[in-house]
Amino acid sequence: MTASLFQHVQIIDPASNTNMVGECLVEQGRISQLSDQSGSIKAPKDATIINGNGKALIPGLVDMRVQSCHPGAIHKETPLTLARAAARGGITSIVCLPNTNPVLDDPEMLKSQCQMLAGLSEPLKALKVYAYGAATSGLDGESMAELGLLADGGAVGFTNADHSISNSLTMRRVLSYAAMLSQPVIQHAEDPILAANGEMHEGEHSMRLGLRGIPDAVEEIVIARDLSLLRMTGGHYHVAHISTAKGIALIRAAKAEGLKVTCDTAPPYALLNDIAVRDYDSRYRLSPPLRHEDDRLAVLDGLADGTIDAVASDHTPQDRDAKSLPFGLAEVGYSGLETLLALMLSLYHGGTLSLMQVVALISHHPAQILGLNAGQIRLDAPADLTLLDLNKSWQIRGEKFASLSGTTPFEGAPVQGTVLGTWVDGIRIYEAG
Amino acid sequence: MSVDITSVMGMNTSQPPYLASDPMGASALPNKHLLGIEGLNRPTITSLLDRANQFADLPAREQLSHLKGITVFTIFFENSTRTRVSFDLAARKMGASVVNVPVATSSIKKGESLIDTAVTLNAMHPDILVMRHHNSGASLLLSKYVNAAVINAGDGRHEHPTQALLDALTIRRRVGYIEGLNIAICGDIANSRVARSNIHLLSILGANIRVISPTTLVPTHITEMGVELYHDMEEGLQGTDIVMLLRLQQERMQGAETPSQREYFRRYGLTREKLSLANPKALIMHPGPMNRGVEISSELADDVERSLITAQVEMGVAIRMACLEALAFGLTKPDQRNMK
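Same order as they appear, the protein sequences are chains A and B.
Counting from 1, one number per residue, gives the positions in the first sequence under the numbering used here.
Counting from 1001, one number per residue, gives the positions in the second sequence under the numbering used here.
Hints in this document: simulated from the structure, not taken from any laboratory.
Warning: the hint list may mix true and false statements.
[Said to hold, decoys possible] Residues of chain B clear of chain A, computed beta-carbon distances all greater than 10 Å:
1. Lys1068
2. Val1098
3. Val1101
4. Ser1136
5. Gly1137
6. Gly1156
7. Leu1181
8. Thr1215
9. Thr1220
10. His1221
11. Arg1272
[To be verified] Not everything, but these chain A residues come out facing chain B in the computed CB check (under 10 Å):
12. Ala47
13. Asn51
14. Cys114
15. Leu181
16. Asp319
17. Ser324
18. Pro326
19. Val332
20. Ser393
21. Trp394
The structure displayed is predicted, hence computed values, not measured ones.
For each residue, glycine too, the CB sits at the ideal point set by N, CA and C.
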């Protein structure tokens, strides 16, 4: 494997709180030298020299919530388009949800999910694919899946994907068993009965639009119950795509109490609110739904004070047919891999978060939550790296996505921050054209 | 405050001259489609009501030719008798050709999407599409895929603009004015498109709207629409001039959103006794179809002195004539459309 030397780059590493202009040498897929002096690292003979021109070098993004659509829905996304989209987005590790068809409730299915890029050509196959095991068999929400075997098969956590584990007894047992296995339980916190047939956030806009509301209490109820269970079972509880002020307040309190609790959100909940639905545009049909402006502000506060640990793309590809329907009939979700980094950088450019915070939320923290050896620029770490121009602007256009799904609630939005290159284990998987 | 519409419009003359000849008396709607009341302004609404008022005074067998050559498609994804027949009749009276697209027996039931249906129908070059659909926002979606003008004949729980217009016309013709009236809208507000359209329209025309509903049938934030909210019907009816009842769907009566039919009638069914708390000449309206003994006592429903229910149906045709005409007036010529 050839070596690569990154010269004149701004190295940003949240784990060590490093922000320095310097050099980084990659050999054998690992970071072998770091320096804050220009010209101090001697390039090996065969090394590829990358002149960063002062651009930022950050840990490759770790996206902890991705729907791969493979197997079962490759008309929405194929392994190839998924990998291309991730690489363009500066993402070096993805963690897939188990709601494929068939479901990842079997260790062999899970292993095959993690191997789904094996058939691709170099270099894209280098992208790292992890997966959560199904918390319950067939995601039925009732009977515990083979958590131990799934863990042995490489599961990095357990979840019922886009549904809550709503049976309290099942949830208690899953939490308890996962604690024994030292694995996190990832919860989509939404009381399914209270949310029944809901179409958008319940509030003034749902009332005016005549759309059935999903009250913010659906999240609060599930988190509050789960925290009660967690006090009995111990273990690590993680709330996915948290979206309400009430939910965030509970997580904040639980952390203060000393419970092992983490949570993530996704860019729409930090950047959009329920007013976006006003024309029944199905691009804004998401789960959880876009919330009230007060909730959005609470998400920003949670990101700023560390209550929210991570941000995932929540990549949920949908084909046009699934979205070309009246709002209430359209599928939820959007294509998120290619916009995660730029959208999060908008919080840095807008002054809400520091650059270090943004990078930590999308690389170091998710890796830490799931125990992945990723998300850091340090000696001997895997050379999963993203080189980007922090300031170069572009416009989000779904039709230009590498993903098979071009549906985005950010269609037309101007953003700042362009990925120039993505490396996994020192292998360049993306180069800006 | 009372405005005598009849004298302003000269509606009692036997044959308004502008209806006898070709030039159209109506002005086009500001938008190409009629998707809802929200967003319409008072002059537009008033001109539609004025025009419909003229149509309402025409002899029953009068056949007009204002919409000669215009093709109207009605497509109802939800069952409807009165609204569909009303649109059909209105279009025919105006001289338009009408095609009632059957949904139950068509490919739509076979899983064809709304957009595919729209594209297919669009290829037949209808001028006006009248659609009812069970999803809120469906008519807006349709309007993006067709060249025709779209009239929303009810979309989910969102709006039913022609119902609100016909209600307003009914009130205007009976009372003479709307400004300043106290109007109570009673019943299932949460699931009602009629309620939303009426709240918008009657507020624009200056009425004071109150909503009377059990807590489980009223959407949160309803007061943001500028209405007063009452849960006690007897309290809410005091001082009202118009009591507008809404239909309660059968499936909502049995313990889901309300405990039972008899409890609903006891608390929210309109009886002569409860009506006595309203203003002495208070009038009753209902968009139909009525559940006798649920929203209203049978005896009151048939009281011609107090009930405007039959008049509402009658005004439906006149309103729809005016709406069809206003949209047709704004249409580009067919040969221009074909060039696109």
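Checklist entry - Does the claim that Gly1156 (chain B) lies outside the interface with chain A hold up, using a Cβ gap greater than 10 Å? => result violated (5 Å)
Next on the checklist: A closest beta-carbon separation below 10 Å is what the hint needs, so does Pro326 (chain A) meet it against chain B?
Outcome noted: Holds, about 4 Å.
Next on the checklist: Confirm or reject: Arg1272 (chain B) is not an interface residue toward chain A, with every Cβ-Cβ distance exceeding 10 Å.
Outcome noted: holds (33 Å)
Next on the checklist: Is the interface hint satisfied for Ala47 (chain A)? The criterion is a beta-carbon contact with chain B at less than 10 Å.
Outcome noted: violated (55 Å)
Next on the checklist: According to the definition I'm using, a residue is off the interface if its beta carbon is farther than 10 Å from all beta carbons of the partner; does His1221 (chain B) meet that for chain A?
Outcome noted: violated (4 Å)
Next on the checklist: If I take the minimum Cβ distance from Val1098 (chain B) to any residue of chain A, is it greater than 10 Å?
Outcome noted: holds (25 Å)
Next on the checklist: Given a cut of 10 Å on the nearest C-beta pair, is the interface hint for Ser324 (chain A) held or broken against chain B?
Outcome noted: holds (5 Å)
Item to check | Verdict on Thr1220 (chain B) as a residue remote from chain A, using beta-carbon distances over 10 Å | outcome: violated (6 Å)
Checklist entry - Closest CB-CB distance from Thr1215 (chain B) to chain A, is it above 10 Å? => result holds (14 Å)
Next on the checklist: Please verify that the nearest CB of chain A lies beyond 10 Å from Leu1181 (chain B)'s CB.
Outcome noted: holds (23 Å)
Checklist entry - Hey, does Val1101 (chain B) actually stay past 10 Å from chain A on C-beta? => result Answer for Val1101 (chain B): holds, closest chain A Cβ roughly 17 Å.
Item to check | Restraint satisfaction for Val332 (chain A) [CB to CB of chain B, less than 10 Å] | outcome: violated (15 Å)
Checked against the numbered hints above, the structure breaks hints 4, 5, 6, 9, 10, 12, 13, 14, 15, 16, 19, 20 and 21 and satisfies the rest.
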